[in-house]
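Engineer: Going line by line, the protein sequences match chains A and B. Heads up: the first sequence is residues 1 to 779, going by the UniProt record's numbering. Heads up: the second sequence is residues 1 to 345, going by the UniProt record's numbering.
For the record, the hints were derived by calculation from the structure and aren't laboratory data. Glycine included, each C-beta is placed from N, C-alpha and C at the ideal position. One thing to keep in mind: the hints can contain errors.
[As the list claims (entries may be wrong)] Partner residues aside, some chain A positions facing chain B, computed with beta carbon under 7 Å:
1. Thr3
2. Arg123
3. Pro408
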Amino acid sequence: MPTVKEILETMDYGPAPESASEVMAWLKDRDDFGHFIDGGFTKPGDGFATENPATGEVLAKVTQGSAQDIEAAVKAARRAAPKWAGLSGHERAKYLYAIARHLQKRARFLAVLETLDNGKPIRESRDIDIPLAIRHFYHHAGWAELVAEEFPNHAPHGVCGQIIPWNFPLLMLAWKVAPALAAGNTVVLKPAEYTPLTALAFAEICAEIGLPKGVVNIVTGDGATGAALVDAEVDKIAFTGSTEVGRIIRRATAGTGKALTLELGGKSPFIVFPDADLDAAVEGVVDAIWFNQGQVCCAGSRILVSEAVAQEFTARLTARLHKLRVGDPLDKCTDMGAIVHPTQLARIRELVSQGEAAGATLVQPETQLPAKGSFFAPGLLTGAEPANPASVEEIFGPVATLTTFRTPAEAVQLANTTRYGLSASIWSENVTLAMDIAAQVKAGVVWINCTNQFDAGAGFGGMRESGFGREGGREGMLAYLKTPEPKAKPEAKAPDFAAQPSPDTPSTATIDRTPKLYIGGKQARPDSGQSYTIAVKGRELGLAPLGSRKDIRNAVEAAHKAGGWGKQTGHNRAQVLYYIAENLAARAGEFAARLKEAGHDPKEAEATVQRAFYYAAWADKLDGAVKSTQSAKVTVAMNEPWGVMGIACPDAAPLLGFASLVLPAIAMGNRVIAVPAQSMPLMATDLYQVFDTSDLPGGVVNIVTGPRDELAKTLAQHDDVAAMWYCGGPEGRAMVEAESAGNLKATWVMENRDWAQAQGRAFLTRATQIKTIWVPYGE
Amino acid sequence: MTKWLKDLVPFASLLANLQSGSLMTSPTIDLHPPRNPGMPLDLSWFDRIAVNTPAAQARAAQLSTRRSLKKEWQAAWLVNAIRCIDLTTLAGDDTEARVARLCAKARRPLADHILDGLGLDHVQTGAVCVYPTMVRAAVRALEGSGIPVASVATGFPAGLMPMNLRLAEILYAVEEGAAEIDIVISRAHVLEGNWQALYDEIAAMREACGDAHLKAILATGELGSLRNVYKASMVAMLAGADFIKTSTGKEGVNATLPVSLTMVRALRDYGAKTGYKIGFKPAGGLKTAKDALAWQILMREEMGTEWLQPHLFRIGASSLLGDIERQLEHHVTGRYASSSRHALA
């Protein structure tokens, strides 16, 4: 140890290690871990070692969960479910409160254990991971208390299968377990293969507080264990992890009726405008990409900086980069610890070298990395053009790309040119500019003049291929609750889509009518050049265009061109919806007669007028919220439309079914490609004349008639469609969910129902996604 | 030569020196880098500065959680803090004897057994800071120690005195033997955005200081925003300040980490533009050993180790030394210390 005199010459920091002795003693006591099932630990079985990535030393051996283990855990959870759900909210709140309190009392132990297993610096586990996990349980103890009052007519899903990643092991557990338990679900959780230990310590805390057995079950293992959990008899799957695995889970759960929320990858923009506090933005980068070794799904990994300040900003950022301390994660002076696993380290190296090979320059400090363990020096890839693979792929390591932009419009364009949409960080002292950009970026979470802010009261989750569903706050609770399914009703028999003449069903029309597709506000002939017969009781009511994939393509393009609809005020959209009601009412008799002729209930016409009024009323009333999070940070939850939606309508209630799905979607600002009732599309095609006279901008509603499932498949597969609603049979529902995996669009599949009753807030929340915007303030 | 200086009669000898420039051209001592000569006022250096307060607060809060000092290192950093202290008494009841007692503590801030325990031969504070009328007593008490005497001046703490009297006070303190002058600025110039007036004022004060170093007290607690703190810092440096200093210790809010961060970034920017190294002095509000570490971490993280030396970093404090001495005794003996065993300042 150097003397005080010597240190006075160098003014070094010296070592400041956090003691690991308590945790090492705990590990030594346990040695091998089994699963935590039905309130107790199973006998340790075949498994694998979990290592300290900073040293490569084995910390413990955990058991590889088999399908049988998963089954046992799910059974235990199933047994526990009725009693747990049947407890009063207050009783559940007491348990959640006890968990929060015990986590707090074991905070240092858990922080050290997390750092040992994961490699993250003790500062982060101590100041960020564990406090946020504790906060999550406190917050949800509150929701448990209030759930009956605040979510009337809602019920828990039952048993939730939860799969979490290795980057924030205990925090992600808290994000999953707390709302599930608060809502009255029981859980089977699979921690990540690399980092199972804090979950196992959490299991002991569950036992310590006397949580009823079977309410929380933890099964360790690798991806195979996770796959078994996805396939098991659970009611909901919640997954946080890679987009690649999210896609697999989407396909695996398609058609099973399991509820699904996915929190996936990101390549989030970090946008620096010339009027930003550049020093603040530099520190922002430190907290964005050099936080948790860059292994953060919402890391600001694509730095976009205005050309006006690029040189200055890069110079300051590079200077700051050189001050980061990389090393022993248990040392309190360490800024960056170890990469979680050698496999991840290899992946980071590979992607960074690909980025260099494609022309980017890697800027890294000349730090002496520890001789052993998985370490990677923090870095910047400058000159990484958008076409560079390093600008596209999620590196999930401490390396950000840096490129420049010229104008705010170009910044938005660059920011949104990605398949992901998890978060964005915007740096500008101009609130007018910052809010404008916040509204335009495709991201579930937007941080203005800050980054990586989290709170149990604020929703977190992605858009696009970053997944769907929100964790935290009221919206997070909704992901663990369901409303009673309406009673299913049979649909019509599918028509014959043959394009040949059908002389057996002569027309009843006095003057022939020619329904067309309705695309971009214009009537369009189908690309196929074919029509199919719409016949009722042996009489031809008309011919409908036989739409095909190219018509869907055209309709999606038209819908994208109508982007102004979503930017209009709710008031303006309400006016259009009222006007639709007005013009429809004027022709209600005609629609009623046509419905009657088609063998449907003529009352649908009047009900559709009422529905238009209903959603006109809502158009300016689905308010967002200001969340109670942290002091001096305004946290706003905004309801945003998906953008372009596909809607496959029921083959029943040909007017009201169509209106019940299309009107709430457009009321919220979406543009829609609707496939109307396939056996009776003529009510919908009659309706476009009403749209034309009601100032509905072209492209907001597009109608493609034809075989529903074929057209729905094209819509579900379309990467430029953000969400998809589908009403139909089980095969179609499974198909839509499976095919949506391509761009992980949010789906809502449903059975045919009584459309007279089909309206309400649920349609609006399904037509929107929440964007959470954080704005710190203070002078 | 400004008109105010010309109006001054009683300090003719000094004025003669100033006019001939002899004081201005005298060589600086070796420890010191070249003195900041000041620069013409150029508003573009600061008038569009963005300082985001919550971000500055967040960074300030992280400084002490990202770095930790233990054992010998903590002891060494606390000793270093002593080397940077401007041991201060600025009270209405100051007497020459009281000042002499303070100076004795400045010469010998640690008890011998603590010094021995740390393996050090000698430690002394960076300076002693007093009112102008106490300068002579302090100089006498510090004779032979090499410890400079700093004097506040220019109508400290409010600065609301006629300009000629403020300059006269500087000349007086310098003549009494002060090597450093801690001036206060007119807050009104900042609040009114009158940067030219602020510049002229400080430039005149710098001229009056002659060979003595000028430490510009910005009274940041009264400037209203971190942007103003940055702007006032930059104007002070452009006008030739050798040090920028947060507070008089008499404002409602004195040195804080976010304010200090903003000032340090300003002097970093000034250095980057001009090559001149400006010193920083937080004052008022640093009371504990922990504070002393936090501010040193700030200096090291933002500027590097050079700004941990007394020629570029001072801490204006009176009670801080007592807490540091107790912590260092604990380090040496392993027992928690009582201040009743330590010499009074």
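Engineer: The structure should be examined with respect to each hint, and the outcome stated for every one.
Structural biologist: Going down the list of hints, with the structure as the test:
1. Thr3: Cβ of Thr3(A) sits 5 Å from chain B, so the hint holds.
2. Arg123: 6 Å, holds
3. Pro408: 16 Å, violated
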